[in-house]
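*Asks:* Residue numbers (the working numbering), protein chains in the order written: chain A, 1 to 443; chain B, 1 to 257.
Think of the hints as simulated: they come from the structure by calculation, not from any bench.
Just so we're clear, the structure is a prediction, and the values are computed from it rather than from any experiment.
One should not assume that every hint holds.
[Claimed, not checked] Restraint ranges, calculated between C-beta atoms of paired labels, are given here: (1) B/P53 to A/I430: 52 to 62 Å; (2) B/N211 to A/E419: 52 to 62 Å; (3) A/I78 to B/D118: 47 to 57 Å.
[Unchecked claim] Footprint (simulated), chain A over chain B, 3 or more residues, beta carbon under 8 Å: (4) 69 to 76; (5) 233 to 246.
Where is the CB? At the ideal position from N, CA and C, for every residue including glycine.
What follows is each chain in one-letter form.
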Amino acid sequence: MSIAVKEKETILEFLEAKFDPSEVEVISSINEKGIRNVNDFAFPTKKDEEWRFTDLRSISRNHFVPVDQAGAKDVGDISQYYLPEALNSRLVFVNGVFDAKRSDISSLSDNITIGRLSEQGDNEAVKEHLDAYTNYDEDKDAFAALNDAHFRDGAFIHIPEETKTESPIHILNIFTDADKAFYATPRVLFVGEKYSKATIVEEHIGLADNEYLNVPVSEYKLFEGAHVHHARIQRDSKKASHVSRPIANLEQHAEYHSYTICLGAKLFRNDPRVVQNAEEVDFTVDALVLIDGEQIADTHSIMDHRRAHANSHQLHKVVVNDNAHSIFNGKIFVARDAQKIDSFQENRNLLLSVDGKVNTKPQLEIFADDVLCSHGATIGQLSDDEVFYLQSRGLTEQKSRELLVYAFTLESIESMEVESVHKLLLDEVIKYTNRDEEFVAVG
Amino acid sequence: MLEIKNLHAVVEGEDIEILKGVDLTINKGEIHAIMGPNGSGKSTLSKVVAGHPEYEVTKGEILFEGEDITELDADERAHLGLFLAFQYPVEVPGITNKTLLRESYNTIARSNGKEELDPLEFEDYLKSKLEIIDMKDSFLERSINTGFSGGEKKKNEVFQMAVLNPKLAFMDETDSGLDIDALKIVADGINKIAGGENAIVLVTHYQRLLNYVKPDYVHVMIDGKFVKSGDRKLALELEDQGYDWLENKTMVNGEAQ
Ligand SMILES: Nc1ncnc2c1ncn2[C@@H]1O[C@H](COP(=O)(O)OP(=O)(O)OP(=O)(O)O)[C@@H](O)[C@H]1O
Ligand SMILES: [Mg+2]
Chain A
1 MSIAVKEKET ILEFLEAKFD PSEVEVISSI NEKGIRNVND FAFPTKKDEE
51 WRFTDLRSIS RNHFVPVDQA GAKDVGDISQ YYLPEALNSR LVFVNGVFDA
101 KRSDISSLSD NITIGRLSEQ GDNEAVKEHL DAYTNYDEDK DAFAALNDAH
151 FRDGAFIHIP EETKTESPIH ILNIFTDADK AFYATPRVLF VGEKYSKATI
201 VEEHIGLADN EYLNVPVSEY KLFEGAHVHH ARIQRDSKKA SHVSRPIANL
251 EQHAEYHSYT ICLGAKLFRN DPRVVQNAEE VDFTVDALVL IDGEQIADTH
301 SIMDHRRAHA NSHQLHKVVV NDNAHSIFNG KIFVARDAQK IDSFQENRNL
351 LLSVDGKVNT KPQLEIFADD VLCSHGATIG QLSDDEVFYL QSRGLTEQKS
401 RELLVYAFTL ESIESMEVES VHKLLLDEVI KYTNRDEEFV AVG
Chain B
1 MLEIKNLHAV VEGEDIEILK GVDLTINKGE IHAIMGPNGS GKSTLSKVVA
51 GHPEYEVTKG EILFEGEDIT ELDADERAHL GLFLAFQYPV EVPGITNKTL
101 LRESYNTIAR SNGKEELDPL EFEDYLKSKL EIIDMKDSFL ERSINTGFSG
151 GEKKKNEVFQ MAVLNPKLAF MDETDSGLDI DALKIVADGI NKIAGGENAI
201 VLVTHYQRLL NYVKPDYVHV MIDGKFVKSG DRKLALELED QGYDWLENKT
251 MVNGEAQ
């Protein structure tokens, strides 16, 4: 007698798969691997430890089609999203497809390679580094597999030795309105050679209020003494689902500072991973999350110390309003011989509503003995006394709350190196806190 | 200027009555002192006048320049010219003194149809006021009360008062915890602001401040009511004899029995 066992669900249940491997060999080999994996890896459920708190219904109740079947609308004028500091150092992808007309890289010096992955098939650096540092296959990661299977293009940035980008590089991913929910798989490969220096702003913007599934993979390789400031700004549509896989792999004396800003998406799952591959590195894995309505923002980060001497910091700041739900799981790994690690993790949550939810869990796995690791998590509310204090000085209740939320976020915003990003975030904080007033005005 | 009539107040949502029939009249240019034992309701009165949402007025009224302000929010009362120097000034990390004061000053100016000051003008204005409390410029750039010593917090309240120039200020134990130098500075500050069009209410436990700031009236609060009012001499009597001799008296029509 045989018992029918339901096959495990894969991500393919929720989308119309259209995978045709690239003609570019370095990409097609990854595509083929991805296609195998995507058929093999299970779609996560709440039974998986790494997904315990995360409600995936915005994906599993949907059916996503390839973007060319979605009836995607024209993109129109998006110049308002261009960073003034990066007017001539910008790559634009619309719904995952490169947009040459809106991209402009004229300000970058000739020895810097920046452009489309699909045009770099013969580039030795691409051959060597693309998909070289991810461990997503070991993790049986269905989302990374989808990106692997589906991506045909992406951004490639290569900074040669002793070279510095004069202006920040803006990788702008735009998503337009469409008739049907679609999926997209943006990809970034960054290689910073010895003693190079770069500032990268990776941004995801949804122009409308539509559903889509955004599954980006970013790979950053930093060689000896390379310095990178990496800002990632997620302003997807409030109905989008965004599952992100950014990884950085660091060689000796490298400095990698990353800042993730989460504003959009109904579901945001971000698994940043920094791997220390040689001694004496310095890195940051900060985030600022501002969510409300029914938004879910879930960060599962890994700070992976494999060698001696590292300084690593993680400040994860979250503001939750309405029914929104923040999940934070911060793993700090220190391998057996990785002595003299100084690692610091802090998760601070500000709850603005009674129905908001916060799950937070540090996870330290330390196998060396001479290390300094500290972690902490706080969940707080705006105190009535603070609000009253400001109000008694003449500020409206709204303004008082706004200032207090602003003060809470300030530390994160001030880490932004690019002036216009700094300003943009201040505006976003005001928009976030002002929203109630608008609601009242409408209701 | 301020008229409080038979004011009763409870903690919002609870049955505890804290103010049990307070009457108080304050005119322009006057300085009043409120004294009384711990827990008698002095801070509560100050906060109720400032509009703290934690308390609910159940009876009576508060008139400011003839207008009933009982239902107004704290910020609206500030716009009318009321100020509260807190007994326990709140620390607000991340917002500088300057940011708060500019926002305060301009909001109040706007609501009174007065001209706002641009950042440069405001900077100069602030510096002129800093002298009153003998503080360095760097004070402006620090987060509100964050990491301030007890004395600095109190000075900061006086500084804010000087900047906002309120018509009526309640100063809740601004003198507590000050060393002799700071006390003189705070007293000087109060004297510069008091008088003329402005009125001040000093909530205090000590005669000390009243050596430098001369009140026109002294009121004694016990168990949520004023049980005795008098002139400066009353403060000296209290210093000598404590409150015991007043505790058992009840007021009937304003007369101690
Ligand atoms: N929010 C509150 N909830 C409960 N009780 C309160 C609250 N606020 C004040 N009280 C009580 O009301 C009474 C008066 O308090 P208040 O702070 O006004 O006293 P005070 O005269 O200022 O005392 P002190 O001289 O110690 O500053 C006290 O018994 C206090 O515990
Ligand atoms: Mg008190």
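*Asks:* Could you run down the list of hints and mark each one as holding or not?
*Replies:* Okay, the hints, checked on the actual structure:
1. B/P53 to A/I430: 52 to 62 Å: For B/P53 and A/I430 the Cβ distance comes to about 24 Å; the hint is violated.
2. B/N211 to A/E419: 52 to 62 Å: For A/E419 against B/N211, whose Cβ atoms are near 54 Å apart, the range 52 to 62 Å holds.
3. A/I78 to B/D118: 47 to 57 Å: violated, 34 Å
4. 69 to 76: Contact hint for the segment 69 to 76 of chain B vs chain A: holds, 3 residues under 8 Å.
5. 233 to 246: violated (count 0)
The structure does not agree with the numbered hints 1, 3, 5 stated previously, though it agrees with the rest.
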